[in-house]
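Novice: Chain residues, written in single-letter form:
Number of protein chains: 2
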Amino acid sequence: MASIRDIAREAGVGVGTVSRLINGSGYVSEDTKIKIENAMKKFNYTPNELARNLYHKRSGIIAVIVPNIVNPFFSEFVNHVETELFNAGFKMMLCSTTKENNAEHDYLDMLNRHIVDGIITGVHTLDIEEYLKMRKPIVAFDRYLGDHIPVVTVDHKKGGKLAAEALIRSGCKKVLHFKGATKVKSPYHKRHFEFDRVMKENNVETIGYDLDWNRFELCYMKKAIANVFSNEIDFDGVFGVDGLAIECMNEVIKRHKNVPEDVKLVSYDGTYVVDMVEPRLTVIVQPIQELAKEAVRLILELLQGKKYEKKSVVLDVELRQGDTTII
Amino acid sequence: MASIRDIAREAGVGVGTVSRLINGSGYVSEDTKIKIENAMKKFNYTPNELARNLYHKRSGIIAVIVPNIVNPFFSEFVNHVETELFNAGFKMMLCSTTKENNAEHDYLDMLNRHIVDGIITGVHTLDIEEYLKMRKPIVAFDRYLGDHIPVVTVDHKKGGKLAAEALIRSGCKKVLHFKGATKVKSPYHKRHFEFDRVMKENNVETIGYDLDWNRFELCYMKKAIANVFSNEIDFDGVFGVDGLAIECMNEVIKRHKNVPEDVKLVSYDGTYVVDMVEPRLTVIVQPIQELAKEAVRLILELLQGKKYEKKSVVLDVELRQGDTTII
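Read top to bottom, the protein sequences are chains A and B. This note's numbering applies: residue 1 is where the first sequence begins, and numbers increase by one. This note's numbering applies: residue 1 is where the second sequence begins, and numbers increase by one.
Accuracy of the hints is not assured; some may be wrong.
[Claimed, not checked] Covered stretches of chain B, going by a simulated chain A footprint (3 or more residues, C-beta under 8 Å):
no. : region
1   : 58 to 70
2   : 73 to 81
3   : 84 to 93
4   : 266 to 275
5   : 291 to 305
Please keep in mind that the hints were generated in silico from the structure rather than gathered at the bench. Note that this is a predicted model, so its numbers are computed, not measured. The C-beta atom is built at its ideal place from N, Cα and C for all residues, glycine as well.
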C-alpha cells in the first residue's frame, strides 16, 4: 500500500501538508488540496483510521450496553439507537452483560482506553462505584448511576397508574403483579409503587411476584409463570411486562378460562411480540424509538463537552386498549 | 494523565522498555516488568488502546452486519456471535442495513480503514462486486459472496423436505408457500426448491407467495398475510418463517377455522417467538447458536491468516413436532 510519503512525493508537497489535509489539522490551499487528492486517487490511498483517530483522540464508536440483546424491548431500543448513531456518523459497539459478571467492567475500561468515545447503558448493575468515578460521556437508560450521568426514562408512575385503573375498571378483585428486583435504584420501580398504591386506594387485593434481578430471557419468564400455576395462585387480573403477560395469558387459556371474562391482563412495554398473540393485549406502551433518540441526543451533547447535573429526560407513556381488559 | 515517559522515569527504565512491555513487542525481564507495573499503578496509567492498535494494526473489533436487529432470528444470531467474540477477546460492532442503501458499503470501508479486523455478514445484498474485490477476513452467513469468502449455513434442502413431508403426512391438498426473493444467490433457496419438488412428486398443489427482497419486519409480514386473506386464497396448509406462520395462524383462528383440523402449519427457523404462541407450532429448527459459533470460528481462523476457497460449513436442521400438523 502507498504511504503518506508516496502521496507527498507524487503531489510535490511535504508530508506535513498531506497530514494536515488528512487530519483537518491546519490550513491547506485549494490548489494543494486538489494535487494531494489526485495523488491519493492515483495510489488508491486510504488513510489509516487508527492513526487519524489517535490524532483526534476519538474512535467514532459509541458502546451500547444492555443486559440482553434478544429481549424484544432491548432489541428494539438498540435498533433505534444504531440508526440514530449512524445518522450522526457514529458506529455502535453492542455489548450484553448477562453472559459474564465482569463484562460491564470490561466495557467501562474500553471508554478509558479510548476504544469508544461514549457509553449508553441500559444495564441495571448493582455496583455503581465505577460509574461514580468516571467523568467521560455516559448516558444511562432507566437507571440512576450518579448525579453527573444523565438518565433517559419514561413516566413510569403514570404507567403504573394507567395499568391499575384499567384493571380496576374491568372489575378485578385480586391482581397478580410481577415486579422487578427493587434492590437496584431505577426509575422503573415507580410503576410498581404507584400500581400498588392505586390498587390499595381502591381496595383491590394485589399479589406481588418478585422477579430475580436482571433476568430478561423468555425461558426465565416461562419458569416464573409455571411457578404461579403450580402454586395454584388464584387471581382475576395480571400486570407484567409483555413476555410475562403473554405467557400468563397462554396458560390461562390452556386451562379453559376466558380472557377477559375470567382473567384480565395489562402488559407493560408494548414491544412487537404483543402484536403476535391473540387476544390483543391491553398494553402500557413505552415510546422506545423516542427513548433511543433522546439517549443518542444526550450522548452527542456530552461528546461536544456539555455537562449535566441531575439531568433526567422523562418521556410519556400511554395505554393502548386491547381485548384483555373491559372498557 | 501520566505519559509513558512518566512511567519510564518512575520505573528507572527507558521509554522503549515500557513500550515493549505494553505492546508485547520484545523481551522485558521479570524484575523490570514488576518495576514498570508498579509505576503504572502509582500513576493510575492506562495505555492508550488506539496507539497500541496502531502498532499491532488491529482494532480487536469484528463488525457483524445483518438486515435487521429486531427480527428474532437475527437478534438470536447476533446475541450468540457477541458471546463467542467476547470469549475470544473481541468486541462486536453491530450494523443493520435496512435503514440505508449505502450502509453496507460504509461498513466494508471500515474494514479497509482498519476500524474493524473482520466482518461477519448476514446481509442478502444484491451487489457483491465490492466483496469480490476484497481480500480481508469476511465470513458470510447464508449468502454466496465469492469463492474466497467462507459461508456458514444449514442444510436448507433437508429443511424443505422435512416441512413438505410433515404437511403431506397431515393430509394437505393445497399449501400456501412463502418464498424469499430468488434474485439473490443464497443457500436458503434450496428449501423452497426442495419443498416444491417433494410436493409435486406427491401431487400436492402449492401456491407460491413471493416475498419482497430483504424484508424482515413484522409489519411487512402482517401486510403479506392481510394480502393473502383479502385475496381469499384457499389453502389447507402453510409453510413460512416463524413470523409469517404465527401471523397466518392467528388470522386462521380469528376466522373460526381449526388448527390443525382445517389448516396445518409448519414454520421455519424456530426462534423464541414460536414459544410465545398457542397452539404450539410444528417447526423446522435452525441451530442458531451453532451457526454463530461456526461463523466466529471461521473469522478467527481468517484473522490468523488461514485461506479458504469454496468453503461451506453446513449444519443440520431438525423437525420439532408441535400441534399444528398431524403425526
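Novice: For the region 291 to 305 of chain B, does the count of residues with a C-beta closer than 8 Å to a C-beta of chain A reach 3?
Specialist: The restraint on the region 291 to 305 of chain B is violated, since only 0 of its residues have a Cβ under 8 Å from chain A and three are required.
Novice: Given that the region 73 to 81 of chain B was listed as covered by chain A, double-check it with a C-beta distance under 8 Å for 3 or more residues.
Specialist: holds (count 4)
Novice: Within the region 84 to 93 of chain B, is the number of residues with a Cβ closer than 8 Å to a Cβ of chain A three or more?
Specialist: holds (count 4)
Novice: With a Cβ-Cβ cutoff of 8 Å, does the region 58 to 70 of chain B contain at least three residues near chain A?
Specialist: Coverage by chain A holds here, the residue count being 6 at a Cβ distance below 8 Å.
Novice: Checking C-beta pairs, does the region 266 to 275 of chain B have three or more residues closer than 8 Å to chain A?
Specialist: holds (count 3)
Violated hint: 5 only; the structure is consistent with all others.
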